[in-house]
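Quick note, the sequences are listed as chains A and B, same order.
Taking the working numbering, the leading residue of the first sequence gets 479, the next gets one more, and so forth.
Taking the working numbering, the leading residue of the second sequence gets 45, the next gets one more, and so forth.
Any given hint might turn out to be false.
To be verified - Computed beta-carbon distance windows for the label pairs: (1) T118/B <-> G600/A: 54 to 64 angstroms; (2) Y103/B <-> D517/A: 47 to 57 angstroms; (3) Q538/A <-> E105/B: 45 to 55 angstroms; (4) W582/A <-> E106/B: 45 to 55 angstroms; (5) D517/A <-> D134/B: 18 to 28 angstroms; (6) K133/B <-> H567/A: 35 to 45 angstroms.
As the list claims (entries may be wrong) - As a list, the in silico DSS-like pairs of lysine-lysine whose alpha-carbon atoms are at most 27 angstroms apart: (7) K110/B <-> K71/B; (8) K96/B <-> K71/B; (9) K133/B <-> K110/B; (10) K128/B <-> K110/B; (11) K133/B <-> K116/B; (12) K66/B <-> K138/B; (13) K501/A <-> K96/B; (14) K128/B <-> K501/A; (15) K96/B <-> K138/B; (16) K110/B <-> K138/B; (17) K501/A <-> K524/A; (18) K489/A <-> K71/B; (19) K128/B <-> K66/B; (20) K116/B <-> K71/B; (21) K501/A <-> K138/B; (22) K133/B <-> K501/A; (23) K489/A <-> K524/A; (24) K110/B <-> K524/A; (25) K138/B <-> K489/A; (26) K96/B <-> K128/B; (27) K71/B <-> K138/B; (28) K71/B <-> K524/A; (29) K489/A <-> K110/B; (30) K96/B <-> K66/B; (31) K71/B <-> K128/B; (32) K71/B <-> K501/A; (33) K128/B <-> K138/B; (34) K489/A <-> K501/A.
I should point out that these hints are in silico values taken from the structure, not numbers from a laboratory.
Even for Gly, the Cβ is constructed at its ideal location relative to N, Cα and C.
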Amino acid sequence: MTRIDYLNTLKYELRSLPWNEQKEALDFYNNYFDDAGLDNIEAVLKELGSPQELAQFILQNINSVPSVIDGTTTKKYKTLQLNTKPKNHTWLIIILAILAAPIWFPIGITVIAIVFSLVVTGFALVFALVVTVFAILGAGIVLGGISLIYLFRIFTYEAVYGLGVGLILTGIGLIVSYYGIIFVIFIIKKLIEKTKKGEHNEKNE
Amino acid sequence: MGFYTSGELLDTIVLALISQEKSYGYKITQNVRNILDISESTLYPVLRRLQKNGYLETYDEEFAGKIRRYYKITAHGMIELDSKRREWKDYRGKIDLALFGEKE
Numbered sequence: 479m480t481r482i483d484y485l486n487t488l489k490y491e492l493r494s495l496p497w498n499e500q501k502e503a504l505d506f507y508n509n510y511f512d513d514a515g516l517d518n519i520e521a522v523l524k525e526l527g528s529p530q531e532l533a534q535f536i537l538q539n540i541n542s543v544p545s546v547i548d549g550t551t552t553k554k555y556k557t558l559q560l561n562t563k564p565k566n567h568t569w570l571i572i573i574l575a576i577l578a579a580p581i582w583f584p585i586g587i588t589v590i591a592i593v594f595s596l597v598v599t600g601f602a603l604v605f606a607l608v609v610t611v612f613a614i615l616g617a618g619i620v621l622g623g624i625s626l627i628y629l630f631r632i633f634t635y636e637a638v639y640g641l642g643v644g645l646i647l648t649g650i651g652l653i654v655s656y657y658g659i660i661f662v663i664f665i666i667k668k669l670i671e672k673t674k675k676g677e678h679n680e681k682n683e
Numbered sequence: 045m046g047f048y049t050s051g052e053l054l055d056t057i058v059l060a061l062i063s064q065e066k067s068y069g070y071k072i073t074q075n076v077r078n079i080l081d082i083s084e085s086t087l088y089p090v091l092r093r094l095q096k097n098g099y100l101e102t103y104d105e106e107f108a109g110k111i112r113r114y115y116k117i118t119a120h121g122m123i124e125l126d127s128k129r130r131e132w133k134d135y136r137g138k139i140d141l142a143l144f145g146e147k148e
């Protein structure tokens with residue numbers, strides 16, 4: 479049996495151990511073969527016994543001190559249990575979640591309500607802006623148009639005045655809508671950037 | 045030899061050897077085998093247990109192009125070793141007394 483065969487069989491025989499324990503053991507014996515050197519490999523393999531025997535031995539002795547005759551003390555090492563930490567952790571989280579339910583439930587609802595109201599406010603502001611712009615533009619165009627029609631029929635100073643006011647209103651409407659559109663696009667871009675950054679941070683965590 | 049070595053004694057011997065000098069698996073095994081008649085396979089579980097109990101620390105160092113895992117004793121391990129040494133003295137005193145009788 480070659481060294482690689484030996485280690486592969488050992489790995490298979492240790493399959494009941496957690497992954498990191500398997501790796502530790504294999505690293506150790508891999509190291510061991512390295513240090514034993516090529517000449518000694520045969521002797522070492524013989525000494526170690528079959529991979530099945532070695533695995534059996536590791537499984538039996540990795541957690542508790544083998545109790546050969548023991549005259550010094552009856553006290554034994556506490557047997558370390560493997561993989562208790564992750565289990566404890568999930569239980570703690572579950573218990574914490576249940577205990578904290580009366581607190582996080584109202585907090586969650588409040589946060590959702592605040593976010594919702596902010597979104598609604600934003601939409602309302604944009605809507606108000608759009609309506610105002612349309613009103614100014616509409617008033618300007620209508621006033622200007624009517625004044626122009628009047629001017630063709632009969633020249634009055636009122637019609638000239640109306641045309642002027644109509645053109646001014648139309649101009650204001652166009653300017654406001656131009657900057658309004660730029661402003662809204664700017665806000666939307668910022669929001670997208672922020673949410674993207676937020677996602678990025680979450681991923682990093 | 046007719047006397048068995050207890051698992052705890054072996055643990056203590058390994059701890060003591062590593063406390064004198066940081067070492068690696070193969071060398072530790074050979075050192076222990078100079079003292080006790082144990083199989084080559086005996087030492088891995090001992091080292092792993094001592095490590096998990098926090099008495100030993102490992103670190104990897106390159107040697108001749110290969111990574112070698114070294115073991116060294118921790119402060120916690122030194123305390124453990126100290127208490128084991130005291131236990132051993134106590135134990136040895138009693139056995140000596142039984143085997144050799146009262147000294148002066």
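Okay, the hints, checked on the actual structure:
{"no.": "1", "hint": "T118/B <-> G600/A: 54 to 64 angstroms", "in the structure": "holds (59 angstroms)"}
{"no.": "2", "hint": "Y103/B <-> D517/A: 47 to 57 angstroms", "in the structure": "violated (28 angstroms)"}
{"no.": "3", "hint": "Q538/A <-> E105/B: 45 to 55 angstroms", "in the structure": "violated (31 angstroms)"}
{"no.": "4", "hint": "W582/A <-> E106/B: 45 to 55 angstroms", "in the structure": "holds (51 angstroms)"}
{"no.": "5", "hint": "D517/A <-> D134/B: 18 to 28 angstroms", "in the structure": "violated (44 angstroms)"}
{"no.": "6", "hint": "K133/B <-> H567/A: 35 to 45 angstroms", "in the structure": "holds (42 angstroms)"}
{"no.": "7", "hint": "K110/B <-> K71/B", "in the structure": "holds (15 angstroms)"}
{"no.": "8", "hint": "K96/B <-> K71/B", "in the structure": "holds (20 angstroms)"}
{"no.": "9", "hint": "K133/B <-> K110/B", "in the structure": "violated (41 angstroms)"}
{"no.": "10", "hint": "K128/B <-> K110/B", "in the structure": "violated (35 angstroms)"}
{"no.": "11", "hint": "K133/B <-> K116/B", "in the structure": "holds (24 angstroms)"}
{"no.": "12", "hint": "K66/B <-> K138/B", "in the structure": "violated (32 angstroms)"}
{"no.": "13", "hint": "K501/A <-> K96/B", "in the structure": "holds (15 angstroms)"}
{"no.": "14", "hint": "K128/B <-> K501/A", "in the structure": "violated (30 angstroms)"}
{"no.": "15", "hint": "K96/B <-> K138/B", "in the structure": "violated (32 angstroms)"}
{"no.": "16", "hint": "K110/B <-> K138/B", "in the structure": "violated (47 angstroms)"}
{"no.": "17", "hint": "K501/A <-> K524/A", "in the structure": "holds (22 angstroms)"}
{"no.": "18", "hint": "K489/A <-> K71/B", "in the structure": "holds (23 angstroms)"}
{"no.": "19", "hint": "K128/B <-> K66/B", "in the structure": "holds (19 angstroms)"}
{"no.": "20", "hint": "K116/B <-> K71/B", "in the structure": "holds (13 angstroms)"}
{"no.": "21", "hint": "K501/A <-> K138/B", "in the structure": "violated (43 angstroms)"}
{"no.": "22", "hint": "K133/B <-> K501/A", "in the structure": "violated (38 angstroms)"}
{"no.": "23", "hint": "K489/A <-> K524/A", "in the structure": "holds (18 angstroms)"}
{"no.": "24", "hint": "K110/B <-> K524/A", "in the structure": "holds (24 angstroms)"}
{"no.": "25", "hint": "K138/B <-> K489/A", "in the structure": "violated (45 angstroms)"}
{"no.": "26", "hint": "K96/B <-> K128/B", "in the structure": "holds (18 angstroms)"}
{"no.": "27", "hint": "K71/B <-> K138/B", "in the structure": "violated (33 angstroms)"}
{"no.": "28", "hint": "K71/B <-> K524/A", "in the structure": "holds (18 angstroms)"}
{"no.": "29", "hint": "K489/A <-> K110/B", "in the structure": "holds (21 angstroms)"}
{"no.": "30", "hint": "K96/B <-> K66/B", "in the structure": "holds (17 angstroms)"}
{"no.": "31", "hint": "K71/B <-> K128/B", "in the structure": "holds (23 angstroms)"}
{"no.": "32", "hint": "K71/B <-> K501/A", "in the structure": "holds (21 angstroms)"}
{"no.": "33", "hint": "K128/B <-> K138/B", "in the structure": "holds (15 angstroms)"}
{"no.": "34", "hint": "K489/A <-> K501/A", "in the structure": "holds (8 angstroms)"}
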